[in-house]
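Chains as they are written, first to last, in the numbering used here: chain C, 135 to 493; chain H, 202 to 568.
These are calculated hints, taken from the structure and not from any lab test.
Values in this document were obtained by computation on a predicted structure and should not be read as measured data.
Careful, some of the hints might be misleading.
[Stated by the list, open to error] Computed footprint of chain C on chain H; a stretch qualifies when at least three of its residues, placed anywhere within it, have a C-beta under 8 angstroms from a C-beta of chain C: (1) 245 to 251; (2) 306 to 316; (3) 552 to 565.
C-beta: ideal position from N, C-alpha, C; glycine also.
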Amino acid sequence: MTMTRVKDEAIRRTSPGVERASLPEAVLLGHGGGGRLMQELIADCLGVLGPANGLDQPNDAACLELPSGERLAFTTDSFVVSPLSFPGGDVGRLAVCGTVNDLAAMGAQPLGLSLGLVIEEGLQREALAQIIASIRNACEEAGTRILTGDTKVVERGAADGLFINTSGVGLIAPGVLLGGERARAGDRVIVNGPLADHALAILAAREELPLQGDFHSDCAPLNDLTAAVLEAGGNGVRALRDLTRGGLAAALNEIARQSHAHVQIVEGAVPVRPAAKAACDLLGHDPLSMANEGKLVALVAPDRADDVLAAMQAHALGREAAIVGEVKSLDECRVTARTALGPTRIVDLPSGELLPRIC
Amino acid sequence: MTPLPGASPEMLEQLVADCRRLADRAAERVGGRVHLMEVCGTHSHAIARAGIRDLLGDAVRLVSGPGCPVCVTDAGQIDLCLDLAERPHTILATFGDMVRVPGSRGSLAEVRARGGRVKVVYSPLEALAAAQQAPDSEVVMVGVGFETTAPTIACLVREADRLGLRNLSLLSAHKTVPPALRALLAAEEVGLHGFLCPGHVSVVIGSNAYRSIANDYRTPCVVAGFEPADILLAIRMLLQQVAEGEAKVENAYRRAVAPEGNRHAVEAMYSVFAVGEASWRGIGVIPKSGLRLRDEWSAFDAMARFALTAPEVQDHPACHCGEVLRGARLPAECPAFGRACTPARPLGPCMVSSEGACAAEHRYRAA
Chain C
135 MTMTRVKDEA IRRTSPGVER ASLPEAVLLG HGGGGRLMQE LIADCLGVLG
185 PANGLDQPND AACLELPSGE RLAFTTDSFV VSPLSFPGGD VGRLAVCGTV
235 NDLAAMGAQP LGLSLGLVIE EGLQREALAQ IIASIRNACE EAGTRILTGD
285 TKVVERGAAD GLFINTSGVG LIAPGVLLGG ERARAGDRVI VNGPLADHAL
335 AILAAREELP LQGDFHSDCA PLNDLTAAVL EAGGNGVRAL RDLTRGGLAA
385 ALNEIARQSH AHVQIVEGAV PVRPAAKAAC DLLGHDPLSM ANEGKLVALV
435 APDRADDVLA AMQAHALGRE AAIVGEVKSL DECRVTARTA LGPTRIVDLP
485 SGELLPRIC
Chain H
202 MTPLPGASPE MLEQLVADCR RLADRAAERV GGRVHLMEVC GTHSHAIARA
252 GIRDLLGDAV RLVSGPGCPV CVTDAGQIDL CLDLAERPHT ILATFGDMVR
302 VPGSRGSLAE VRARGGRVKV VYSPLEALAA AQQAPDSEVV MVGVGFETTA
352 PTIACLVREA DRLGLRNLSL LSAHKTVPPA LRALLAAEEV GLHGFLCPGH
402 VSVVIGSNAY RSIANDYRTP CVVAGFEPAD ILLAIRMLLQ QVAEGEAKVE
452 NAYRRAVAPE GNRHAVEAMY SVFAVGEASW RGIGVIPKSG LRLRDEWSAF
502 DAMARFALTA PEVQDHPACH CGEVLRGARL PAECPAFGRA CTPARPLGPC
552 MVSSEGACAA EHRYRAA
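Produce the complete structure using the sequences and hints provided.
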């Protein structure tokens, strides 16, 4: 069996005495989890594309500068959520919000989106019509539209109902400079509301888990909220990050890596609804690593943090916003959490398969 | 983190201060560090997450024991699961914890990527639905767990029988906790001074189940809940007993655990399972510590249905899960911890199971 060969090579590569576990030959579900395994897959298999092809682009969207000096944000995302609809949204709403939010995190307002549909034969026309209607509604909410699209149908079994890809182009407001590499010591870490609701809504919607509690996905376009944040915080806003797969833990780890920063959060300050906290405890998940679809984290200079917090709380999508931590220093790259009892612990990137097909 | 209902920050501080004070007295009594063991994966995580180990000071060494059901499942059983999942027309139903645990030739995640049918279930009854939906396939439920999961698996078997389902079977690797505690004490490898007894298991078996351990081995046993205050309270009770030279069973989780446990769950469990020996990773074969299907339920035994024998499998040579499971090593004392062995590339089950001590320590390691 070829497994043996891989294992032997893996062992030979490492120093004597301590052997590394074997590398799996095939792509595993865990490689799509948005955590450490996914980083490895990208580095191993997509690495050949090189930095010229955006592989060193750690922010939510790429930034393109036009000869006129105007800057565009450009991003793409695929949506494979199961089930297709769930309390608080469906795959169509998700596909619009996900891409709009990636643009919003760069301080951009969307100019338009593309829409790619991969439909499995047998999908009910009515179900498709509902999803398209929610795409239209989400576009209206975000103040954008679909500019171009593509539709493919594949045989039964080659997709699960419907997969959607959206790409988006947005215009970055003049003077706005955002990025995970811009963190400074003392910056405050602000989130716009309670975490983990999207992941739990999907889990509860999957028939296998009779999870009780009123879980609604937070799926929403955040571009209006980010505009309010940027207006209130100005250049004091250093970075915005959309909290999807991997949650706050993944977003802060990415920012810490980009800025070589020590980011510390206070566990008790992170908003999580009691029912969500209980469900996470029951399932053995950490709310900090759970996916959201209408949440962002903002790193804001200390003198503007209160203004940004107030602006968030004045917005419908930020009523429960909270300051949850700060950048302690730029001396070391790590994320820590102060626990209720006082000690601090590392907040790590989730490693692999938390919950497949959550978005 | 939500503390015990009514546990204020001041109360938590007081509990920590009490533990530290009692720890010094207890250490004086035993003439060295006080060794306490928690025997529950959920405790391992709660302790690591709240940073309790660091709060107790040097007088206490809080070690993890064989409390993670996936971790104590020996590698031969994992290989049996791989074998079953690779067979055509077979669906292996398992709790999600098992999927990434390495056997001698990869994990269920890898088998699944190659086309093996592995269905992750949250409730055993999902296996029932899977068997009904796929009458041409054999569905095998992997029964891994302690007294907490065994009653629900027993209900699955009874329900399958009631429905006349003939394409569902059980690969039982169920184990019971008290015999493992006795085996650890009898081995005298780690001088243990007290057990933090598992809250969920104790809901089923009751706090009285530890009496003979406390009596026979003069070792205090305290049943603990899962909030930081629950755990600190139980540690305080253990340290108090050690300091006073006592050895009794106490219950710090009265809101969930009764002295006699849950009679219905115990009856359900033993209506389907009989006690037998079981092989524990890191400990070896312990008599009367396993649950096998009773003879009248043998039609549901996957071992018989598929004529399986568990292979002898050596653990990875660099893996020290066995010592971690016996409390002989803390995860961070393993040379592979965080280096050759990480959650993304685990050498052994303790690093990958969501209840594993190494996974907890790695995920919540102190800053």
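Outcome of the hint check:
For the segment 245 to 251 of chain H, the proposed coverage by chain C is satisfied: 4 residues have a C-beta within less than 8 angstroms of a C-beta in that chain, meeting the threshold of three. Under a criterion of three residues with beta carbons nearer than 8 angstroms to beta carbons of chain C, the stated coverage of the segment 306 to 316 of chain H is upheld, 8 such residues being counted. Residues of the segment 552 to 565 of chain H lying with their CB closer than 8 angstroms to a CB of chain C number 5, which satisfies the three-residue condition for coverage.
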